[in-house]
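Chains as they are written, first to last, in numbering that gives the first Met the number 0: chain A, 0 to 242; chain B, 0 to 428.
Careful: at least some of the hints might be erroneous.
As the list claims (entries may be wrong) - Just the calculated beta-carbon pair ranges, DEER-fashion:
no., chain 1, residue 1, chain 2, residue 2, range
1, B, Ile-297, A, Leu-103, 51 to 61 Å
2, A, Gly-14, B, Ile-401, 16 to 26 Å
3, A, Ser-136, B, Gly-262, 42 to 52 Å
Claimed, not checked - Covered stretches of chain A (in silico footprint by chain B; criterion: 3 or more residues with CB under 8 Å from a CB of chain B, positions within the stretch not fixed):
no., stretch
4, 49-59
5, 67-81
6, 96-104
What the hints contain is simulated information worked out from the structure, not anything from laboratory work. Model, not experiment: these values are computed from the prediction. Here a beta-carbon is modelled for each residue, glycine too, at the ideal position from N, C-alpha and C.
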Amino acid sequence: MSLAVEAISLTKQFGQIRALDGVSFNIKPGEIYGLIGPNGAGKTTTLRIICTLIKPTTGTIKIFNQDATKQPEKTRQIISYLPEESGAYPNLTGLEYLQFMAKLQSKPDTNLKATIDEAIQICGLGDRLKDKAKTYSKGMKRRLLVARALMTRPKLAVLDEPASGLDVLHAYHIREIVKSYVKEHGVTVLMSSHNMLEVEYLCNRVALVNKGKLVVEGEPKALKAKFNSENLEEVFAKVVGFA
Amino acid sequence: MLKGFTTILIKELKELMRDPKILIGMIVLPLIMFPVLGLVMGFAVQTAQTEAQRATLLVVDNDCGNWSQVFVGYLNSTMNVEVLNNTSPQSVIDRGLLAQYNSSTFVVIPSGFSDNLTRHNAGEWNVTGVVNAYGVFNGGGGIFSGVGGSTVTAVIAGFNRAVAPDVVAVSQSSVIKGTITEGVSVSVLSGLLLTQSIALPITIMVMLTYAMQIAATSVAMEKEEKTLETLLTTPVDRFAILMGKVSSTIIVAGVAAVTVLIGYNYMLGSLSVGIAGNSGGSVDLVALGLVPSVGGYILLGISLFFTLLSALALAVVMSAFSENVRGAQALVGYIYPLIFIPAMALIYLDVNSLPLAIKAIFYAIPYSHPILAAKAVVTGDYGTVVFGIVYVAVFTIVIMYIASRLFATEKILTAKLKFGRGKAKQHSE
Chain A
0 MSLAVEAISL TKQFGQIRAL DGVSFNIKPG EIYGLIGPNG AGKTTTLRII
50 CTLIKPTTGT IKIFNQDATK QPEKTRQIIS YLPEESGAYP NLTGLEYLQF
100 MAKLQSKPDT NLKATIDEAI QICGLGDRLK DKAKTYSKGM KRRLLVARAL
150 MTRPKLAVLD EPASGLDVLH AYHIREIVKS YVKEHGVTVL MSSHNMLEVE
200 YLCNRVALVN KGKLVVEGEP KALKAKFNSE NLEEVFAKVV GFA
Chain B
0 MLKGFTTILI KELKELMRDP KILIGMIVLP LIMFPVLGLV MGFAVQTAQT
50 EAQRATLLVV DNDCGNWSQV FVGYLNSTMN VEVLNNTSPQ SVIDRGLLAQ
100 YNSSTFVVIP SGFSDNLTRH NAGEWNVTGV VNAYGVFNGG GGIFSGVGGS
150 TVTAVIAGFN RAVAPDVVAV SQSSVIKGTI TEGVSVSVLS GLLLTQSIAL
200 PITIMVMLTY AMQIAATSVA MEKEEKTLET LLTTPVDRFA ILMGKVSSTI
250 IVAGVAAVTV LIGYNYMLGS LSVGIAGNSG GSVDLVALGL VPSVGGYILL
300 GISLFFTLLS ALALAVVMSA FSENVRGAQA LVGYIYPLIF IPAMALIYLD
350 VNSLPLAIKA IFYAIPYSHP ILAAKAVVTG DYGTVVFGIV YVAVFTIVIM
400 YIASRLFATE KILTAKLKFG RGKAKQHSE
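Please model the complete structure; the sequences and the hints are all you need to start from.
Spelled out as structure tokens, the structure:
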């Protein structure tokens with residue numbers, strides 16, 4: 000069976016800054032894989048490379064056996080990306096936004112109505128979808144965007160900090176959406192987060208990234224056992240020599 | 000003193016002075032714009048004076064009497080004068096005598112002039128000698144047009160002081176596109192054209208700055224809200240994203256161009272009424288052929304449209320180098336002198352009267368062209384308009400190509416311009 004994501008020795012140089020330094024990891028289909036690390040560690044750069052937004056300086060990235068650098072158009076047909084702290088178009092209603100994005104992401108055989116109905120169900124915003132996005136709270140906006148990212152049932156959903164900055168209830172709702180959606184539809188999810196509890200709850204496997212390098216990788220339970228830690232936060236602190 | 004006032008004031012001043020938008024708009028722009036305008040105006044004054052000194056006044060003496068010879072002698076003492084006899088005014092134009100003598104003004108002394116002066120001096124005060132001054136109206140509309148007519152008036156006033164008060168009167172007429180229009184002076188027409196010249200450049204200036212702000216904000220907002228990142232990961236051609244964005248602004252630009260033309264046409268119609276000529280009647284610009292034809296309006300519309308398009312495309316490109324709306328608006332601000340300087344300068348100056356180097360600079364700035372076109376369509380100089388349209392279209396294509404290359408690569412997300420450090424930088428997470 001082919002891997003969902005195969006990252007081989009990824010490096011990315013921005014002028015004098017080396018944002019990624021030989022990052023390699025694999026993600027199996029149907030897995031929820033978490034990238035965790037501090038700000039500037041290289042998480043977003045990795046996600047952007049996987050989503051064909053930027054190219055690695057060196058290294059290879061394969062998505063379901065397709066080289067994302069060489070075949071970005073084909074890769075875009077099977078992925079969906081949710082950038083960190085992204086917004087919706089303020090003057091479109093939530094429903095109009097979903098319709099717009101569904102049209103852009105659809106294939107010729109896509110049932111648009113079914114896709115949008117699915118998004119309506121995922122986000123759970125009900126009648127508020129008829130209101131302009133600028134009237135939404137941060138949590139409502141994020142629910143709309145997560146629904147947008149999942150509605151087309153992509154083979155790989157890349158979620159950058161999906162629940163960052165949200166209150167407990169909205170964050171809980173989003174985590175539940177992701178977990179149940181993967182279970183139901185077998186979608187592979189690659190996510191990044193600062194929230195170690197969130198990652199521990201959602202992810203089958205995690206990779207700890209620091210200063211552009213992948214420092215350790217494994218199942219949350221195994222990592223905690225290996226580093227004799229109570230949670231992933233402690234694991235991370237021990238790995239980077241902070242504790 | 001209010002508690003905290005000084006602290007807040009210092010903080011506010013730091014914030015304001017460090018904002019590039021304010022720095023450009025309120026300090027750099029006036030510092031650049033007004034000296035440049037002054038320089039251009041200085042050149043124009045110098046050129047007008049030089050030309051006036053070199054100019055020859057053509058005098059057609061159809062009277063050939065004693066007084067006409069005295070009058071010609073007086074003119075000759077103050078100006079370069081060439082004298083012709085027994086020639087009709089239209090014949091002067093048709094035979095190309097003005098070009099031959101490098102003159103833009105000619106004076107006709109009608110037969111009976113000497114008789115009238117003799118009778119006036121004999122005590123018939125109500126009888127005066129009238130000379131007809133004809134000035135060529137070239138449509139440039141600068142503040143120095145009509146200099147020829149004013150000079151003749153001044154010289155005749157001098158003659159009257161020397162001989163007898165009000166013994167000679169001058170009737171001013173214009174030569175428009177090779178045809179004589181009696182009783183309408185070049186300065187009246189130039190004044191009219193100047194009125195038109197103020198409205199259109201200011202409208203274009205406002206329209207261009209607004210359009211650029213809107214286009215830059217549109218792209219920058221997508222970057223700031225990260226909706227652009229989402230769009231770029233969908234299976235959509237990136238050129239389609241760019242074209243979708245530019246096309247929507249093209250439609251807005253098209254509507255704006257039509258709106259301007261409707262308003263401009265209405266304004267020209269209003270100006271034709273109630274502006275009196277020498278003869279006491281009103282000056283009808285339509286009858287004089289000094290309003291654009293239907294074809295002229297279409298060309299002017301195309302010129303406006305392409306200029307707006309080029310400005311919008313440039314705004315899209317520039318905003319690609321900013322991270323947020325504020326940055327995009329600041330970057331676009333660097334273009335404003337290129338909009339303001341030609342607009343302000345061409346209100347007052349006829350581009351054809353400028354030295355070649357300055358003229359070339361104005362022609363090189365794409366935003367000059369609709370203003371030049373507005374003057375050119377009045378005089379039927381369609382070549383200038385078409386040249387402008389082609390030039391701006393080529394400029395737009397180049398900008399669009401750069402924009403498409405930007406959208407095709409990661410530079411649309413990573414490129415960032417930092418003025419002061421001198422070059423484009425890229426940023427990471």
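(message) Quick check on a hinted range of 51 to 61 Å for Ile-297(B) and Leu-103(A), using CB atoms only.
(response) violated, 37 Å
(request) May I ask you to test the hint 42 to 52 Å on the CB atoms belonging to Ser-136(A) and Gly-262(B)? (result) For Gly-262(B) against Ser-136(A), whose Cβ atoms are near 44 Å apart, the range 42 to 52 Å holds.
(message) For the stretch 96-104 of chain A, count the residues whose Cβ lies under 8 Å from any Cβ of chain B; is that count three or more?
(response) It holds, with 3 qualifying residues against the three required.
(request) Go check the stretch 49-59 of chain A versus chain B for me, would you? Three or more residues, Cβ under 8 Å, otherwise it fails. (result) holds (count 5)
(request) Tell me if chain B covers the stretch 67-81 of chain A under the three-residue, 8 Å CB rule, please? (result) Contact hint for the stretch 67-81 of chain A vs chain B: holds, 7 residues under 8 Å.
(message) Holds or violated: the 16 to 26 Å window for the beta-carbon distance between Gly-14(A) and Ile-401(B)?
(response) holds, 21 Å
Of the numbered hints listed earlier, the single one contradicted by the structure is hint 1.
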